[in-house]
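All chains should be built: construct the whole structure from the sequences, respecting the hints.
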Amino acid sequence: MHTYRKPGFARLLAVLAVLALIATACGDDAEEPTTTEAAAPQTTAAEAPEEDMPEDDMPEDDMPEEDMPMEPLRIAVVAPSASNDLAFTQSIVDAVNVIADENPGTEVAITDGTFIVEDAAAAIRGYAEEGYDLVIAHGSQYGGSLQEIAGDFPDTAFAWGTSADTLGQPNVSAYNAASDQGGFVMGVVAAALSQSGVIGVVGPIEVGDAKLYVDGFHNGALTGGASTVNINYIGSFSDVALASEAAQAHIAAGADVLTGSAQMVVGAVGVAQANGVFWFGTQANQTALAPDLVVASQVYKWEVVLRQIIADISAGSLGGKAYEIDLANGGLVVEFNDGFDLPAEVRAGADTVISGIVNGAINTMEAMAAPPEPMEPLRIAVVAPSASNDLAFTQSIVDAVNVIADENPGTEVAITDGTFIVEDAAAAIRGYAEEGYDLVIAHGSQYGGSLQEIAGDFPDTAFAWGTSADTLGQPNVSAYNAASDQGGFVMGVVAAALSQSGVIGVVGPIEVGDAKLYVDGFHNGALTGGASTVNINYIGSFSDVALASEAAQAHIAAGADVLTGSAQMVVGAVGVAQANGVFWFGTQANQTALAPDLVVASQVYKWEVVLRQIIADISAGSLGGKAYEIDLANGGLVLEPNPAFDIPPEMFAGINQVVQGIIAGTIDTGAN
Amino acid sequence: MTQLLEMRGIVKRFPGVLANDRVDFDLRAGEVHTLLGENGAGKSTLMKILYGLYQPDEGQLLIEGEPTRITSPTDAISHGIGMVHQHFMLVPSLTVTENVAMGTLSKRGRMNLRQVSDRIRELSESHGLAVDPDAYIWQLSVGERQRVEIIKALYRDVKLLVLDEPTAVLTPGEVDHLFKILRGMAEAGRGLVFISHKLHEVLALSDRITVLRHGRVMGEVEAQDATREMLASMMVGRPVRLAPDKPPTETGRARLTVRNLNVMGDRGLPALVDLSLTVREGEILGIAGVSGNGQRELAETIAGLRKPESGAIAVDDDDVTGRKPSAVRAAGLAYVPEERQRDGAIGAFSVSENMILVNHRHPPMSRRGFLRNGEIRQRSRQLVDEFSVATPGLDVPASNLSGGNLQKLILARELSGSPSVLLASQPTRGVDIGAAEYIHDRLIEQRGSGSVAILLISEDLDEILGLADRIAVIYEGRIVGEVNAEDADRQGIGLMMAGVSREDA
Amino acid sequence: MADIFSATVIVATLSSGIRLAVPLLLASLGEAFGQRSGVLNLGVDGIMLLGAFGGYFTTLKTQSPWLGLAVGLGIGLVLGLLSSVISVSLLAEQGISGIGVYLFGLGMSDLLFQKLVGTPLPAASFQKAPIPLLSEIPVVGDLFFNHSIPIYLAFLAIPVSTVIINRTRFGMNIRAVGENPEAADSQGISVTRVRYAAVTIGGVLAGAAGAVLAIGLGIFQQNLTNAQGFIAIALVYFGAWRPLGVMAGSLVYGMVSAVVLLLKTRGIIPLGASDLAAMIPAVITVLALVVAARRFRAPTALTKPFIRGG
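Chains as they are written, first to last, in the working numbering: chain H, 1 to 672; chain S, 1001 to 1505; chain A, 2001 to 2310.
Think of the hints as simulated: they come from the structure by calculation, not from any bench.
Cβ atoms here follow ideal geometry from the backbone N, Cα and C, with glycine treated the same way.
Below are the SDA-like pairs computed for lysine to any residue, each with C-alpha atoms no more than 20 Å apart in a straight line: (1) K2115(A) x N402(H); (2) K2061(A) x A593(H); (3) K2128(A) x Q578(H); (4) K2115(A) x A593(H); (5) K2061(A) x N389(H); (6) K2115(A) x D399(H).
Under 8 Å between C-beta atoms, here's a sample of chain S residues computed to sit facing chain A: (7) M1089; (8) V1091; (9) E1098; (10) G1103.
Calculated from the model, a selection of chain A residues having no Cβ within reach of chain S, i.e. all distances over 10 Å: (11) L2014; (12) I2137; (13) V2290.
And the structure:
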C-alpha cells in the first residue's frame, strides 16, 4: 500500500506556484527594467509647453568650457582582477600612476577585483556620482553597464577598454590595444627558439585583445617557421588551475615554447618554469614569474592613450572617440628579459619585424585574411520574439526582409519567430550561423548576451542586432536602432490637436529601448502640441494583452480621448479604443486594420533602409562593427496616416512642419 | 450450514515470490474461520484476491457454489463480500455518514444523507457499535474508526466479512467487545474470515483455523482441538517455546530513574503527565498500554529525542534530562526504537555501516575522522555471527533485511556497547515468531547478566507478561498502576489499559 | 488626486478588476476540481490558449461570440480528456506531463493562428447585458449588474461548484479519491472514472477561461494568456482548494492589478517604479491568501497516480 502523504512535495509545488505568480508579474522579457529617473518625462506639464522644446538643454551642443575645471584631475579606475596581476589590470593601474606622476595633483582612485559586473557597475556609478573627471571602465564585459551609466552622467567622461566601440555615447572614449603586433613579433622569436617546432598558446576566451594577441602570435610563429601552433582557449579569464593544465597539455603535445594572454596565465608561467620551456608574456612584464624562461613580454603603456583622452577632455570633448595603443605610438612595447641569453641574430630579427609592422610592410593578420565570401545570392535569417504578424515589433523586420528579398531576386529568407524565450532564440541564431547564412538578424534587444557569444564563434558570419546602438565589440555584428521618438513626437503633436479633453493616454510595455524612445517622444510632442495631461502607463510586460486592454480602459476612465501604445501587447488596447470611440496612434507597424475608424496614423518602421546599408557593407567586405539607425531623415521611419481618417489640411501642414523641423534638427524630441 | 465461499488451488505469483501456492480455503455461513500465519505467509494476498484487488494466476473461486470471477472491489461488494482492512479505508476529511454512504449505489445527484445516518444509528444500537454518524473520521479514536468500518459492512448487509488483523489497535477490553459483536454477526448467519497472528485471540474467537506458511496451507484445525503451542509450531515449522524461561535474578541498584516527567506531544497537547519510574539492574520493567497513550513520547524523551517540559531523567547517576541523544548514549543508554525502519537503521546503508552507526565517532571505528574499514568489517562480522543476523553479506543494504533480522541487527549494535540501561520499544512488533523468540531470549540473557536495567515498552500484552518482572500500565500519559509479574492477571491489566485505575479495578 | 475616489473612477477600476479576474477564476475553479480528485494538471495554460484561439477564430468567422464560447468549451473538453488519459490512465508524472500539454497548447495555438488568421483582426465581443432594475442602482448596479453574460455565469459557477463538491455524491467521490483513493476503491468507487470526470471539468473550465479572455478582448495573439494558467494553479493552492477561496484569490489578483493600473495611469506610481509595480498583484495575492489559507492542507493523494493494490 502507498502512504499518500508527502507534504514536502506539496510544499514545493506551492513554492513553485508562488514563483510562477511572481515571474509572470515580472513579464517574460529579459530586459532589465531601467530604474533611472533621469530621462523620465513628467506625467503632467507643469511648465508651459514651449519649454519642452529643449533646444537649450542639449548636453552635446552647449558644453561650456568653464564648466570643466580640469586641474587637478581626478581619475578613477574600475578593473576586474587584482592591481598586481602582472597582466590586464596591472597594465591600466601602472598607466594611471604614470599619468599621476606626470601631473602633480592628480587624484587617482582604483577599484580592482570587480570580476562581478554588477559590482563594477556600482563602482563606476559611485565614481561618477562623486564627480570624478574621468572614470575608466577597464573590462570589455563592462560595456552594457557603462552604456546605462554614461547616459545618466552626461558631464562625466568615461573611458572603456578594451574596445573599439564608444557605445554610441558622446561621453565615452573607447581604447584598445593592437596586441596582435607585439604578438606577431614574439611569435617570430618563439619560432626561432623552438627546437620541436611546436608552440603552445593558452588563451582565455576568443574575444578582444586576447584574441588579437593570439592571432598575431600565431601568424608570427608560422611566419617564423614553426610547424605547429596549438591554441587552447580555456574559456575563462580567471581559472588559473585550468590554464596550468592547458600549459601541461601543450608540453605533453611537444611544445617547447609557450605563451598566453590574460590574468589567469600566472599558473601557466609556473608550469613553463617547472618544465624548462620558454614563455612569452603579454599585457605586463611577466619576467618576475619565471626569471630564467620568460623571453620577452609585450607591455601595454595605456598612458599613451590616456594622455590623448585627457587632452581631448581638456579640449572639451568628453568622448565619442576610439583610441588604440600600438607599436608605432609607443603604447605597445616588447620588453626583452635582460636575464635571458637571446641570440643576437634573433634579437636583430625581432627588431626588423617591429619596424616592418610600424611602417606597415608586415600585416600581422596575414594568415587570417580571408577574402569576403561571395555574397550572391544572399541568404538572410531573422530571429524575432513575437509573431510575424503581430502588427508591431516582429512584423516590422519581417516586412523589411521581404522587401529586400523582392529587390534582390535569388535572396533566400528564413524566419524564426515567437522566440520570446531567449535560449530558444540563441539556438536559432546559432543554427542559422552553422547553416552558413550570410546575415543573421537577431531582432530583439534581449538577445544581445547570446549574440555576443555566438558572434565570436562564427567570425565569418555577419550578424545584425536590434534594436540597439551597440555592436557588442564584435567586428561581425552590426547594430540597428530606430529613432522612434521622432515619429512619436510628431504624432504626439497631432494627438494634442485632436484631443478635446486635453488628456492623452499612453500604454507602454517596459521602460526600455525603442518603446521608451517612442513614449518619451510622444509625450513631449503632445505637451508641445498643447495637451494638458499625458498619462503614461508602463504595464510591465511585452505580452500581457489583457492587462494592456485594462490599462487603456483606465486611461479612458481618467478622461483620455486619444490613446497610443508601443509593443506587441497593445493589440487589445486598440480594440478598447475602437469600442470606446477614442483615437489611436500606432507604432512599429501600420495598425489601421485593428480599428479602421479610429487609428489616426501609425509610425511604420522601414528596416529595409538599414538592411540595404548593412548588406552593402557586407558586400564591401565589412561584416559589422557599425551602428545604423532609421529615422525620419533617411526614410526608415514613415508616418502612415489612415486614409479613412479625415485629417484637416491645415493640420497636415503643421505636421509637415514638425517633420521637417526634426529632420533639419531644429526640433528636438527631448528623448535620449 | 451453507457453503458461502470456496477457494480452490489458488496460486498467486509476484516477481521472485510465490505468494499463494495452491491454497484451498472455504467458509460456511455462521462461522468464524481464521487465517493464521506470520507476516508474509500469504494471508493478505489471499484475501486481496477474494476482494478483487488481485487476480489469481491459477485456481477457482466459488461463491455459494457458483464459480465466480471477482475483478474489482465493486464485484466483491456486489457478491456480498466486505472487508475491514488493517489500514482503515476511511477518508479522514469526511464524516462517518459520508464514509458509509460512499460508493453505495443509488440515484444520482444530491445525496440523502439523512437516511444513511438514521440507518447508522439503528445499526449501532442493534450491534452495540457506539459511534456518532455526524463526526468526522479525523475526530475519532482508532477503536471508533474500526466500528465505522464494521458499520460500513453491516450497512451493505454483507454475507461474508473479512477482518484483517482487527485487534492490533485495540485494548484487551475492546477486543473482548469486538469479539462479542463478531460472534453475534456469525450467529446471525454471516461468515467471517479473521486474520491474525495473536494465538490466544485466534483460539478465543474461531470455529476453524487454517494455518499458512510461505504461501502454503500447513493445515486446518477445529479451534476446540488446537493449542497455542501447536499453532505456533505450525506457523514456524518447528517446535516453539512461547514463554521464555525466566530464571530469578538479583536486582541491584537503580540505573534508570524518571521523576515527574511532563512532555508535550506533536500536537502541543500533554503526552506525559507527572510520569515517574525506576528500573534496577537485573530487572525488566514492562510498560503496558494501548498504542498512542504516550509510549512513543516516553521512549523518545528518555533517548533525548524530545525535550521534556519538566521532570528529571537519570541514567546511573548522570542527569541526562534534555541532553542530546549522543550525551544520553554516552551516559550508558542503549535504545531499540519503535520505528526501526525510520529511526533504528538507515535502509540505504550497508549492514556493516549500520552496525557502527552509533560508534562511528570513536576509536577503533574511526581515527582522525576517517572510518577504518578493516575494524568495522571485523566487528560487524563478529556481531552478525553472534546475533545470528541472516544476511547475504555485510555490504547489502539494510533495507534488504527482513523485519526480524533488521531488529536483531539493531539489538546487536545497541548491546555491543555494554550499556547500563536498555530501552526497547516494541522490539518484536511485526517480527516473525522465530525472531521474536530469539529477541526475547537475548533480553532475558541481558537481564541475567545482572548489570543492565531493561525498560520494555510493548503493546503486546503477552510479551509483557512473559518477560517483565514488574509491569507498569500507561494510560493517557500517566502510569495508572504497577504490579509485580507474579501478581499480574490479564484482565486486571486490561482494565488499567482502558484507564480504570488499580484501586477501582 | 481626489478625483480618483469619484464614483466613476471607482466603478471603472473595479469593473476592470472583475474583467481581469474572470479568466483566472474559471481556470482556477477548474483546476480545483482536478486537484480535489488528486490530479495536478499543469497544462491549464495550454488548454486556455487553445480554447482562446478556438473561441476567437470561431467568433471571427461566424460573428457569434456564443458559438465561439461553445467551441472554446469543446476544445477544453477534448484537452481535459487528453490530460486525464495521460495522468490517470497512463499514470504519468503529473509535474511533467502537464508541461507537455502546456507546450502543446502554446505551440499549436500559435501555429493555427498563423496559418488560419495571420494578421490579428478584431472579432466580435460579448455584449453587455445589464440586469433589469438591479443595474439601475447607483454605483453598485454598474459595478455588479452591468457585465456580459459570461461574467455572470463565471460567478454563478462558484456557488454551483461549492454545492457540487460539498453536497453531491459526485462531489463526495471527488474528495474521497483525492484524499484516500484506496478507501474509495475498496468501496467500489471507480477512482479512474471520478478522476477523469474531475480533470475533464477542469479542462472545460480552462477552455472557457481562454475563450472568455480572447472573445472579451476581441483579439488573439501568440501566448495570449501570458501564463495566466499558471497563476490560476497558484490560486488553487492559496484558495485552499475551495471555490470561494479561488474566487477570492482571483478577485484580489484582478482588483490589485486594476488598482495598480489606475495608480500608474494617474502618475501616483512614478514611472521609474512602474516595472517594479507590475509585481504588486502577485505579491499581495500571495500574502493575502497565504495568511487566509494557512489552516488548510492539500488533498492527501494530490499528484499520486492510483495503482490498485500497489
